[in-house]
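J.: For reference, the chains in residue letters:
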Amino acid sequence: MQTIYTDVLVMGAGLAGERAAIEAAEAGFSAICLSLVPSRRSHSSAAMGGMQAAMGNCAKGEGDCPDVHFADTVKGSDWGCDQEVARMFADRAPVEMRQLAYWGVPWGRVVPGKGTYYKGGKLFDKEEKEENRGLINSRDFGGTAKWRTCYVSDGTGHSVLYTVDNVCAKLGVEVHDKTEAISLITDGVTCFGCVARCLRTGELRVYLAKATVIATGGFGRIYPGTTNAVICDGGGHITAINTGLVPMGNMEAVQFHPTGIVPTEILVTEGCRGDGGTLLDVNEERFMHIYEPEKQELASRDVVSRWMTHHIRQGKGVPSPYGEHLWLDIRHLGEKHITGKLREVYEICTSFLGVNPIHQLIPVRPTHHYSMGGVRTNKDGHAYGISGLFSVGEASCWDMHGFNRLGGNSLAETVVAGGIVGKKIAEFLQGAEVTFNSAVIDAEVKKQQERIGNIIRCKNGTENVYKVRKTMQDTLHKGANIFRTEQGLTECVKTLQETLERARKVGLKSNGLGVNPELSAALKIEGQVKMALMVAYGALNRTESRGSHNREDYPARNDRDWLTRTLAYWKNEKDDLPTLEYEAATQIFHIPPGDRGYGKSQIIQAENIPAAPKG
Amino acid sequence: MARNLKFNIFRYNPQDPESTPHMETFSLEETDSLTLFIALNRIREEQDPSLQFDFCCRAGICGSCGMVINGRPGLACHTKTKDLPDEITLLPLPVFQLVGDLSVDTGSWFRELYDTVESWIHTSKTFDPNAQEERMEDAVAEAIYELDRCIECGCCIAACGTARMRPDFLGAAGINKVGRFLIDPRDERTEQDYYEILGTDMGIFGCMGLLACEDVCPKHMPLQNQLGFLRRKMGITALKNFFGK
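Protein chains in written order, with the numbering used here: chain A, 1 to 615; chain B, 1 to 245.
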């Protein structure tokens, strides 16, 4: 068995993982990132729109500062976030944007002079100041008081990921791509690394490390239709869940993005609406201004997605062979803008839909997009339950997003949290000594070899992994979608429990040799169904509506009983339900719970909220 | 009536001692808006679960799914079957090491490239977290991004006559990458530094000017212009070196 040692082992080589690895490398530690795909193909590259940071350089961003960014983030989270973490994030974000500029990101820059912009289909004037010429520019995104989203055309994630990966290459951070972690090595107290499967040969390898980081992104692929890449399958989360010790935070907080295209569920960026695009119904009429007179198309994503679904239910959807949808209209932005700052959108529409967005409407509907929940960590990114295990980025529940994240805040989180957590990992490593116990390592390897052998030889059954996966996805889609009810969720949980039984009986049809894709899928199906159950069971038990979690039978946000974060454990391997525990959403209230200024306003008030600290 | 599509797919699993390279045929009924992403996944899930191929973003952004589609390198995810004949032949990209079936190892190839061309900003400045960012004209930023848009799918490498003959050739993707840093005012490398990377047969002088790279590039990168520009620039540097400054 090949065994590789490193100071820091990062699962995932997207922006969060690589950014954290850079901090460790700069502090003199060795770092290896494992990745299912070459690092630059990580899903960070698909984030088009941009990163929120209060630079305040552009005319419509004037007066912006971390305080305003922080307030927008807390409101966006529907007071579900950890306010201390959101504060750290907002304060650090501008510095991180400058750090990226120093490393080579070609940020869009301020061009002085008069210009125009669209909002709600109407044209407005603005003037950029000469003194700000050449500073980092920002565009408008949903749920924000100011234009705050730093961007590189509509390839922000791509450009930042390439830059950060270049820095990794420079610093000697190794990327072992086509490598998949399949289990953590732990004695129940400390994490020692992981067992990984090589996706070039199918062989198992052991990685030993003083600090292990889960930075594997979201887990959207447990839903049937999602904007997420096919690698966003929860593989990293599963390794943590299977320890029985590490809780997943707020798994029921699932974001649906307003503009997934129909069919294929590919995302078109929020920048479309930020730059002035509008949503139209079957009559080609705008409707968001009726529901949200103030923010209109640029209310937060949970709110816009909910109103879109509501509007379709009112009979205003556009019928199609792929179900009802609405239209996104960016025609008025003009050819130069669409083929320039929205070029990826133009390419996606023309190549996947055969629609030319300069002249035609884009078919869109709310589509699964983002997981606010994930591996629960403290503010240093250290996972609950096991020492030496960290998590960062979308994989984690750090938790600056609460029950809804704002557009542009997740891509920013990857690098900001990556920097902060990376520094904490380096501190953790200073003087940290770990004794590796070979018995623990060997036992884990043996367990994984047996598990693989059993699946290949159909020892537990012959269930077809793809069929089980489809049942799981469809069940979740039906029961744990934008609008949720007790009846729907109860049924969903029950079906998922049956699906879990089937997942435990999966066996291969093919021979399982080498990089067998059926084996890859089979190795994580049981864990995926467990995650689906965490989503559905958490949603069933949360009898309120908050952010993206919307219970039709409990429409109010209930700050009296539910100003909490769900912690879902899978305590015993053979359990058929997660164990739910709860903790306070935040220890410190800089902003006490209140009205968001958009969305519904039904609130059951909390009785004892500590006042905001002075200063 | 829906067409019945015939897929001829290259099969070989190097980890299976009984496997030998061969073509295998699969049939699939065409549905609305069928792409090769959907088709290959259906074949895997319904007909042969061992079939290997690479997809990631499935939106033409990440560059994972380069393969030879009816003789031409391209991204499978955004290839619609309605633009293809009834018979579709799929082969893995040449030049890159085969992992199995349609899956190849582009990661190692590109990772080596980053080290060869040192694809990072070379600067003597240090980062000051308390200082305002250095200014840059927006037009300069846009020009850099124009060259930064490459998704490293490897199609230009697979279609390149030189890359097929010389394993150390940087290819259009590699040469373009150097060009990206050359126009970046933050990078302090001199013309001579760039000449040492590009001014050989491994670099710009290895290019035979066949320009299939530009033809097959799924992101429509301006590779022809870029190769021409760098060839002139490196040619001038070579002359300067020859005649002295």
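Treat the hints with care, since some could be wrong.
[Said to hold, decoys possible] List of simulated lysine to aspartate or glutamate pairs, DMTMM-like, C-alpha gap at most 25 angstroms:
id	chain 1	residue 1	chain 2	residue 2
1	A	Lys467	B	Glu134
2	A	Lys170	B	Glu118
3	A	Lys119	A	Glu335
4	A	Lys509	B	Glu18
5	A	Lys129	B	Asp16
6	B	Lys125	B	Asp168
7	B	Lys219	B	Glu29
8	B	Lys80	A	Glu347
9	B	Lys233	B	Asp193
10	A	Lys423	B	Glu133
11	B	Lys240	B	Glu214
12	A	Lys459	B	Asp115
13	A	Lys170	B	Glu214
14	A	Lys467	B	Glu133
15	A	Lys114	B	Glu142
16	B	Lys125	A	Glu26
17	A	Lys170	A	Glu347
18	A	Lys126	B	Glu137
19	A	Lys170	B	Asp168
20	A	Lys129	B	Asp138
21	A	Lys423	A	Glu433
22	A	Lys336	B	Glu214
23	A	Lys478	B	Glu45
To be clear, the hints were calculated from the coordinates, so they are not data collected in a lab.
Being a predicted model, the structure only gives us computed values, none of them experimental.
J.: Against this structure, judge whether each hint is valid.
T.: To see whether the hints hold, each was checked on the structure:
Proximity of Lys467 of chain A to Glu134 of chain B is assessed by CA-CA distance (about 54 angstroms); at most 25 angstroms being required, the pair is judged violated. As the CA atoms of Lys170 of chain A and Glu118 of chain B are separated by approximately 7 angstroms, the hinted pair is consistent with the 25 angstroms bound. Proposed proximity of Lys119 of chain A and Glu335 of chain A is supported: the alpha carbons are some 17 angstroms apart, at most 25 angstroms. A C-alpha spacing of about 17 angstroms is found between Lys509 of chain A and Glu18 of chain B, which places the hinted pair at or below 25 angstroms, so the restraint holds.
For the hint pairing Lys129 of chain A with Asp16 of chain B, the CA-to-CA distance comes to about 65 angstroms; that exceeds 25 angstroms, so the pair is violated. A C-alpha spacing of about 32 angstroms is found between Lys125 of chain B and Asp168 of chain B, which places the hinted pair above 25 angstroms, so the restraint is violated. Taking the CA atoms of Lys219 of chain B and Glu29 of chain B, the gap is near 30 angstroms; set against the 25 angstroms cutoff, the hint is violated. For the given pair, Lys80 of chain B sits about 14 angstroms from Glu347 of chain A by alpha-carbon distance, which is consistent with the 25 angstroms threshold.
At most 25 angstroms may separate the alpha-carbon atoms for a hinted pair to count; Lys233 of chain B and Asp193 of chain B meet this at roughly 13 angstroms. With a C-alpha separation of about 22 angstroms, the suggested pair Lys423 of chain A and Glu133 of chain B falls inside the 25 angstroms cut-off, and the hint holds. Pair hint Lys240 of chain B plus Glu214 of chain B does not hold up; C-alpha atoms about 30 angstroms apart against a cutoff of 25 angstroms. The hinted pair formed by Lys459 of chain A and Asp115 of chain B fails the criterion: a straight-line CA distance of about 47 angstroms is larger than 25 angstroms.
For the proposed pair Lys170 of chain A and Glu214 of chain B, the alpha carbon gap of about 29 angstroms is over 25 angstroms, so the pair is violated. Of the supplied pair hints, the one linking Lys467 of chain A and Glu133 of chain B is violated, its CA atoms being roughly 53 angstroms apart against a limit of 25 angstroms. The hinted pair formed by Lys114 of chain A and Glu142 of chain B meets the criterion: a straight-line CA distance of about 20 angstroms does not exceed 25 angstroms. Between Lys125 of chain B and Glu26 of chain A the alpha-carbon distance is near 16 angstroms, which keeps this suggested pair within the 25 angstroms criterion.
With a CA separation close to 32 angstroms, the supplied pair Lys170 of chain A and Glu347 of chain A exceeds the 25 angstroms bound. Restraint check for Lys126 of chain A and Glu137 of chain B: satisfied, since their Cα atoms lie roughly 19 angstroms apart, inside the 25 angstroms limit. With a C-alpha separation of about 20 angstroms, the suggested pairing of Lys170 of chain A with Asp168 of chain B holds against the 25 angstroms cut-off. Taken as a hint, the Lys129 of chain A and Asp138 of chain B pair is honoured in the structure, with Cα atoms around 14 angstroms apart against an allowance of 25 angstroms.
Restraint check: the Cα-Cα separation between Lys423 of chain A and Glu433 of chain A comes to about 18 angstroms, which is no more than 25 angstroms; the hinted pair holds. At roughly 23 angstroms between alpha-carbon atoms, Lys336 of chain A and Glu214 of chain B fall within 25 angstroms of each other, so this suggested pair holds. Using a Cα cut-off of 25 angstroms, the hinted pair Lys478 of chain A and Glu45 of chain B holds, with the two alpha carbons roughly 22 angstroms apart.
Violated hints for the displayed structure, listed by number in ascending order: 1, 5, 6, 7, 11, 12, 13, 14, 17.
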